[in-house]
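Novice: Starting from the known structure of chain A, arrange chain Y on it as the hints suggest.
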Amino acid sequence: MGFLSIFYALLFYLAAGLLVVGVGSKIVQYARTPAPLKIPTTPAPTTRRGVVLRIGGEVVLFTSLFKSNKWIWLFGWIFHFSLLLILLRHLRYFTQPVWWWVALIQPFGKYAAFGMLFGLAGLWARRFLVDRVRYISSPSDHLMLALLVAIAGSGLLMTYFFHTDIVGLKAFVLGLLYLDWQPLPPDPMLIIHLSLVLALMIVFPFSKLLHVPGLFFSPTRNQVDNPREKRHVTPWATDASPTSGN
Amino acid sequence: MANFQTPEITEYPVIPLLQEGVMKHSKPYMAAPKHQEALGFPGGLVDNWKEVAIDKMGELLTKYRSLPVFLDSCVKCGACTDKCHYYLGTSDPKNMPVARQDLLRKVYRRYFTVAGKYFPKLVGAVDLTEEVLDDWYSYYHQCSECRRCSVYCPYGIDTAEITMAGREILACVGKGQKYSNEIISKVFVIGNNLGLPEPALKDTLEGLEEEVKEDTGIDVRFPLDEKGAEVLLITPSADFFAEPHVDGLIGYAKVFHQAGISWTLSSYASEAANFGIFIGDYDNMKRVAMRIREAALDLGVKRIIVGECGHAWRVAYSFWNTLIGPFDFLDPRYPAPQHICEFTYDLIKRGALTLDKSANDHRVVTFHDSCNVARGSRMGDMPGGQFVIPREIIKAVCNNFHDMDADTIGEGTFCCGGGGGLLTDDLMEVRVKGALPRMQALKHVVQEHGVTHMAAICAICKSQFSKVLPYYGFTMDQIIAVHQLVGDALVMGPKQ
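Protein chains in written order, with our numbering: chain A, 1 to 246; chain Y, 1 to 496.
Hints are computed from structural coordinates only; laboratory data are not their basis. Here the structure is a predicted model, which is why all the values come from computation and not from measurement. Backbone N, C-alpha and C define an ideal beta-carbon position, used for all residues, glycine too. Careful, some of the hints might be misleading.
As the list claims (entries may be wrong) - In silico SDA-like cross-links for lysine to any residue, where the CA-CA straight-line distance does not exceed 20 Å:
no., chain 1, residue 1, chain 2, residue 2
1, Y, Lys117, A, Pro139
2, Y, Lys121, A, Leu209
3, Y, Lys63, A, Gln29
4, Y, Lys227, Y, Tyr268
5, Y, Lys121, A, His142
Stated by the list, open to error - Residues from chain Y that keep clear of chain A, each with C-beta distances beyond 10 Å, as calculated:
no., residue
6, Ala32
7, Ala38
8, Phe401
As the list claims (entries may be wrong) - Residues of chain A clear of chain Y, computed beta-carbon distances all greater than 12 Å:
no., residue
9, Leu10
10, Ala16
11, Thr95
Chain A extracted, bound-state conformation:
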């Protein structure tokens, strides 16, 4: 157990803790903040079931984005779907024995890294090529893309050029999960890849990545359009309940 292994083990706990506590506290903040008025963007579903379908459509198919801009939709959806496949594929480092469906998606997950790079490249290109998008981009928007590109790139390099000691890596990861620390294979590309992923986990709760929980709390999307049928009241505005006229 060298210094490197201990350092990364601790960093992993720190990053995971920050991610869970940071995003968790944002979720708590969103959930606790009242939405005093009904503001769904219409045409909105009139039932709770309809709302679930609406949000589901946004999460899975990016329906609103599809309506707004086909290029952003294409690049954005390919990036996110690839990322999902890649994340699921990585479950094989966290499970023993590996779940059957994780094994099943391995080949797709491997190629998804190219999809992720393709999507990110398209999204990034827009930040240079479209004057409107260039105008609204701040350094953090570029950095976020750079971070994701570097993660995908380092992952791909490991898959195809600088193979790492997968068995050793898995032992390290399982060791973290079961609090039985194991050494981390000291491969430079692996160290780079892991460092970037840990950085992403750490910045998550402080960045625009909050769009992930935000989407579920967006009142224009998650409210049922039934204000005439059901009275919508909020604690800070409860005195808006008059019993008589003038």
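Specialist: Same frame as chain A, but now just chain Y:
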């Protein structure tokens, strides 16, 4: 008035290249101290405005979930950048929804987020300075709160919510807008936006009775303050005299007459529009709305019907039950409130009205979906009923109807350019430029289908188009009320 050039209508819609700062000079007049104070705001800019503004922002962040969620969630994807009619008409980048939000978001980041506190340059966070406050005053008064951007945002981020917060903070530091705040104080004192007192209102309504009698030979009543009437009609005060609004009011009266349903207006609540929504202030919005409940109880009506007014219908449909409900004293067989179009459509469906479509044969009609009806409210019992019902009414009373391009109507409708508290002469430039996308779509159906008239169901749309149409080579009388079409086609007298 500002000297400006009316944008040219091109053959196809064009997304303009950015011209930074071209609309920075556009600012409405500031509210006078007495109008500020009537609404509970300070008369002029307070000394510790920065502190007050940040405190207010902090307060709003805990009162409205939309704010923290919308301010945190934006990823600057750019999907909204070409969706705002003010951006399309002015090419000022701060009229792109994301940039308009960023005026507030930058300050939010600086004072309320870890990233903005420690790495402001990295995430585009800035201190609240006088320049930022000036930008708020300019650009939050170049938003009509039409919510078109919220349709296209992958997270449903609604710039109207941000604009309302921006304006509320401005009002709280003493920088209120003259037009909206003066109108709200008139509502409190006199009962309507126009400051029309009861005797004048009564006189106007009597004049209308005479006019309709001359035209049709029938005694159609325009009742005011009649206790025990079945229906209380709440309509924008522009309906009492402005063109083309008043023809809409005549249309409602004829429909009530033919349906044999007793109705009344209220001199105490002779205004449907609720400018409280424009300034984002919950208390003022509630106070304006409360007059409706009081009038309904006082007059002992069984139903409340809202006339042709866009933001008014949004407030009525979406907020009244929350603000001034429950409406358990009304007849539960009808929705409370009900839109005049729902009422008329129901009568048409039941065959209760005799209609002569040929009366509108000299018109070829298109329909302008008013923004707040389209994206903030509903009619009937199915999603999207607000698009179907007015069109079905028009088709029932007109032989010639053609919709404008699909991506400029329905939920994607373009605002008239005058909503959200911008319907004032000091903002004429942004109003004219903001109307460009709608004018473009109108021109298309005029050329393709020989459309002569554009019907609308909002007082602001009607006023705005009357003023703006001539800038684009149309005539001001090409905008008409849906209920004028109904009134013209309605065969009066005993049912045949």
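Novice: It remains to establish, for every hint, whether it holds in the given structure.
Specialist: A quick look at each hint next to the structure:
1. Pair hint Lys117 (chain Y) plus Pro139 (chain A) holds up; C-alpha atoms about 16 Å apart against a cutoff of 20 Å.
2. Taken as a hint, the Lys121 (chain Y) and Leu209 (chain A) pair is honoured in the structure, with Cα atoms around 18 Å apart against an allowance of 20 Å.
3. Between Lys63 (chain Y) and Gln29 (chain A) the alpha-carbon distance is near 11 Å, which keeps this suggested pair within the 20 Å criterion.
4. Using a Cα cut-off of 20 Å, the hinted pair Lys227 (chain Y) and Tyr268 (chain Y) holds, with the two alpha carbons roughly 13 Å apart.
5. As the CA atoms of Lys121 (chain Y) and His142 (chain A) are separated by approximately 13 Å, the hinted pair is consistent with the 20 Å bound.
6. No Cβ of chain A approaches the Cβ of Ala32 (chain Y) within 10 Å, the least distance being about 28 Å, so the stated non-interface status holds.
7. For Ala38 (chain Y), the condition that its CB be more than 10 Å from all CB atoms of chain A holds, with the nearest at approximately 19 Å.
8. Every CB of chain A lies more than 10 Å from the CB of Phe401 (chain Y), the least distance being 21 Å, so the non-interface label holds.
9. A cut-off of 12 Å between C-beta atoms confirms that Leu10 (chain A) is not in contact with chain Y; the least separation is 21 Å.
10. For Ala16 (chain A), the shortest C-beta to C-beta distance to chain Y comes to about 18 Å, beyond the 12 Å cut-off, and the non-interface label holds.
11. Once the 12 Å rule is applied to beta carbons, Thr95 (chain A) is consistent with being away from chain Y; the minimum gap is 31 Å.
When each numbered hint is compared with the structure, no violation occurs for any of them.
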